[in-house]
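Asks: Numbering (the UniProt record's numbering), first residue to last: 1 to 365.
Keep in mind that the hints were calculated from the coordinates and are not lab data.
Treat the hints loosely; a few may be bogus.
[As the list claims (entries may be wrong)] Simulated pairs of lysine-lysine, BS3-like, Cα-Cα distance not exceeding 27 Å:
hint, residue 1, residue 2
1, 37, 253
2, 36, 360
3, 365, 37
4, 181, 232
5, 37, 96
6, 36, 365
7, 98, 360
8, 365, 61
9, 98, 61
10, 61, 34
11, 98, 181
12, 58, 360
13, 271, 339
14, 339, 96
15, 36, 58
16, 34, 360
17, 232, 61
18, 61, 360
19, 21, 36
20, 17, 36
21, 34, 253
22, 181, 339
23, 37, 58
24, 34, 58
25, 37, 21
26, 37, 98
27, 232, 253
28, 365, 58
29, 36, 61
Since we're looking at a predicted model, the values are computed, not measured.
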Amino acid sequence: MNNTFPTEGNLSGLSRKDFQKEINNKETDLFILKNKKGMEVAVTNYGCAILAIMVPDKDGKYANVVLGHDSIDHVVNSPEPFLSTTIGRYGNRIAKGKFTLYGEEHELTINNGPNSLHGGPTGFHARVWDADQLAENIIQFNYVSADGEEGFPGNLEVEMVYRLEEEENALVIEYRATTDKATVVNLTNHGFFNLAGISNPTPTIENNIVTINANFYTPIDEVSIPTGEVAKVEGTPMDFTTPHTVGERINDKFQQLINGAGYDHCYVLNKIETGSLDLAATCFEPNSGRTMEVYTTEAGVQLYTGNWLNGFEGAHGATFPARSAICFEAQCFPDTPNKPHFPSATLLPGDEYQQVTIYKFGVEK
Numbered sequence: 001m002n003n004t005f006p007t008e009g010n011l012s013g014l015s016r017k018d019f020q021k022e023i024n025n026k027e028t029d030l031f032i033l034k035n036k037k038g039m040e041v042a043v044t045n046y047g048c049a050i051l052a053i054m055v056p057d058k059d060g061k062y063a064n065v066v067l068g069h070d071s072i073d074h075v076v077n078s079p080e081p082f083l084s085t086t087i088g089r090y091g092n093r094i095a096k097g098k099f100t101l102y103g104e105e106h107e108l109t110i111n112n113g114p115n116s117l118h119g120g121p122t123g124f125h126a127r128v129w130d131a132d133q134l135a136e137n138i139i140q141f142n143y144v145s146a147d148g149e150e151g152f153p154g155n156l157e158v159e160m161v162y163r164l165e166e167e168e169n170a171l172v173i174e175y176r177a178t179t180d181k182a183t184v185v186n187l188t189n190h191g192f193f194n195l196a197g198i199s200n201p202t203p204t205i206e207n208n209i210v211t212i213n214a215n216f217y218t219p220i221d222e223v224s225i226p227t228g229e230v231a232k233v234e235g236t237p238m239d240f241t242t243p244h245t246v247g248e249r250i251n252d253k254f255q256q257l258i259n260g261a262g263y264d265h266c267y268v269l270n271k272i273e274t275g276s277l278d279l280a281a282t283c284f285e286p287n288s289g290r291t292m293e294v295y296t297t298e299a300g301v302q303l304y305t306g307n308w309l310n311g312f313e314g315a316h317g318a319t320f321p322a323r324s325a326i327c328f329e330a331q332c333f334p335d336t337p338n339k340p341h342f343p344s345a346t347l348l349p350g351d352e353y354q355q356v357t358i359y360k361f362g363v364e365k
């Protein structure tokens with residue numbers, strides 16, 4: 001593990017010693033990424049959790065715009081285990097924790113009602129990754145997920161890079177993975193964002209003005225599994241093709257919002273071509289003036305409005321009430337292994353899984 005770049009005196013106020021611990025015979029640590037514009041991102045190699053993203057508001061004041069913790073113990077024991085972590089081997093839900101691949105049924109750990117969620121309780125978010133900070137603005141993480149881990153087939157070798165662009169405040173996340181046996185792969189980052197900045201209490205994101213470049217979404221049943229339908233957003237509270245505040249329609253008596261306790265749905269992105277890096281979503285917080293643009297090569301993005309946050313404490317005494325974060329999780333569609341008409345999440349030996357997602361921050365005065 002390479003951690004030769006300084007961590008003390010960072011804008012987030014995090015201390016390296018609070019993140020140094022041995023877990024399952026591997027060392028955890030704190031890493032600080034910086035770019036020339038002054039943006040900082042704090043991460044740990046436990047779950048590749050993003051602990052802080054420090055970006056300026058319209059007045060040049062820096063604040064942390066992602067929900068995170070201030071020690072490794074708090075990360076490990078978080079009431080929200082997926083808080084701003086890397087998710088795998090399969091992001092989102094798989095119905096009843098089962099799928100069949102080339103005639104062989106695979107059973108996964110059930111950890112969300114009757115379903116498997118985000119790779120199971122010991123998925124990628126709960127693993128210590130190998131870390132190599134390549135430059136002040138770049139860190140590479142590696143992890144080998146063993147055949148049978150959480151029920152998934154194949155030894156999966158994963159490489160992931162977090163990189164800050166030098167000339168703009170953008171966090172680029174690049175994923176690569178290979179397998180020695182047919183498997184399913186759906187990696188994502190579960191950043192819980194609040195562009196107003198975290199505080200006690202962290203404010204609701206209901207004033208955030210959002211657009212999503214998607215004419216369709218995947219409706220869900222009462223346990224948040226896609227019905228299999230690909231439905232138009234037009235004429236419904238799910239439509240963000242034009243700007244809307246999150247809170248404008250979130251409490252409508254619309255069955256999909258009832259099923260998700262708010263927004264917790266996968267949007268089918270309008271793509272230039274399969275795998276192209278396109279603008280997926282934008283978010284604007286009017287009080288701070290901060291903006292975020294999300295670009296991805298993925299076919300979908302899960303909009304989640306922090307409906308199940310319960311007010312627990314995070315970094316520096318900040319608290320995270322319900323709907324105090326917004327997530328844009330770039331990914332395949334949920335339950336794809338059980339929905340043959342959805343774009344495939346299967347990875348075969350000899351092929352390489354690739355994904356690029358970018359979170360770009362700015363200000364609008």
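Asks: Hints first: check each against the structure and report whether it holds.
Replies: Hints and how they fare:
About 45 Å separates the Cα atoms of residue 37 and residue 253, which puts this hinted pair outside 27 Å; it is violated. Restraint check for residue 36 and residue 360: satisfied, since their Cα atoms lie roughly 15 Å apart, inside the 27 Å limit. Proximity of residue 365 to residue 37 is assessed by CA-CA distance (about 18 Å); at most 27 Å being required, the pair is judged to hold. Note on residue 181 and residue 232: the hinted pairing is violated, with a Cα-Cα distance of about 36 Å set against a maximum of 27 Å.
This hinted pair does not check out: residue 37 and residue 96 have alpha carbons roughly 46 Å apart, beyond 27 Å. Between residue 36 and residue 365 the CA atoms are separated by roughly 22 Å; this keeps the pair inside 27 Å, and the hint holds. Of the supplied pair hints, the one linking residue 98 and residue 360 is violated, its CA atoms being roughly 36 Å apart against a limit of 27 Å. Of the pairs offered as hints, the one joining residue 365 and residue 61 holds, with about 13 Å between alpha carbons and a cut-off of 27 Å not exceeded.
Between residue 98 and residue 61, the direct Cα distance comes to roughly 48 Å. Violation of the 27 Å bound is thereby established for this hinted pair. Straight-line distance between C-alpha atoms of residue 61 and residue 34 comes to about 16 Å, which keeps the hinted pair within the 27 Å bound. With a C-alpha separation of about 17 Å, the suggested pair residue 98 and residue 181 falls inside the 27 Å cut-off, and the hint holds. Proposed proximity of residue 58 and residue 360 is supported: the alpha carbons are some 15 Å apart, at most 27 Å.
With a C-alpha separation of about 20 Å, the suggested pair residue 271 and residue 339 falls inside the 27 Å cut-off, and the hint holds. A distance of roughly 13 Å separates the Cα atoms of residue 339 and residue 96; the hinted pair therefore holds under the 27 Å criterion. A hinted pair counts as satisfied when its Cα atoms are at most 27 Å apart, and residue 36 with residue 58 qualifies at roughly 18 Å. Under the criterion of a C-alpha separation no larger than 27 Å, the hint pairing residue 34 with residue 360 is consistent with the structure, at around 14 Å.
Taken as a hint, the residue 232 and residue 61 pair is broken in the structure, with Cα atoms around 40 Å apart against an allowance of 27 Å. This hinted pair checks out: residue 61 and residue 360 have alpha carbons roughly 17 Å apart, not beyond 27 Å. Among the hinted pairs, residue 21 with residue 36 is inconsistent with the structure: their alpha-carbon atoms are about 31 Å apart, more than 27 Å. Restraint check for residue 17 and residue 36: the C-alpha separation of about 26 Å stays at or below 27 Å, so the hint holds.
Annotation: proposed proximity of residue 34 to residue 253 is violated, straight-line Cα distance about 45 Å (limit 27 Å). Only pairs whose Cα atoms come within 27 Å are accepted, and residue 181 paired with residue 339 is accepted, the gap being roughly 21 Å. Only pairs whose Cα atoms come within 27 Å are accepted, and residue 37 paired with residue 58 is accepted, the gap being roughly 15 Å. Note on residue 34 and residue 58: the hinted pairing holds, with a Cα-Cα distance of about 20 Å set against a maximum of 27 Å.
Using a Cα cut-off of 27 Å, the hinted pair residue 37 and residue 21 is violated, with the two alpha carbons roughly 32 Å apart. For the given pair, residue 37 sits about 46 Å from residue 98 by alpha-carbon distance, which is inconsistent with the 27 Å threshold. For a cut-off of 27 Å, the pair hint linking residue 232 to residue 253 stands: about 18 Å separates their Cα positions. Using a Cα cut-off of 27 Å, the hinted pair residue 365 and residue 58 holds, with the two alpha carbons roughly 6 Å apart.
At most 27 Å may separate the alpha-carbon atoms for a hinted pair to count; residue 36 and residue 61 meet this at roughly 16 Å.
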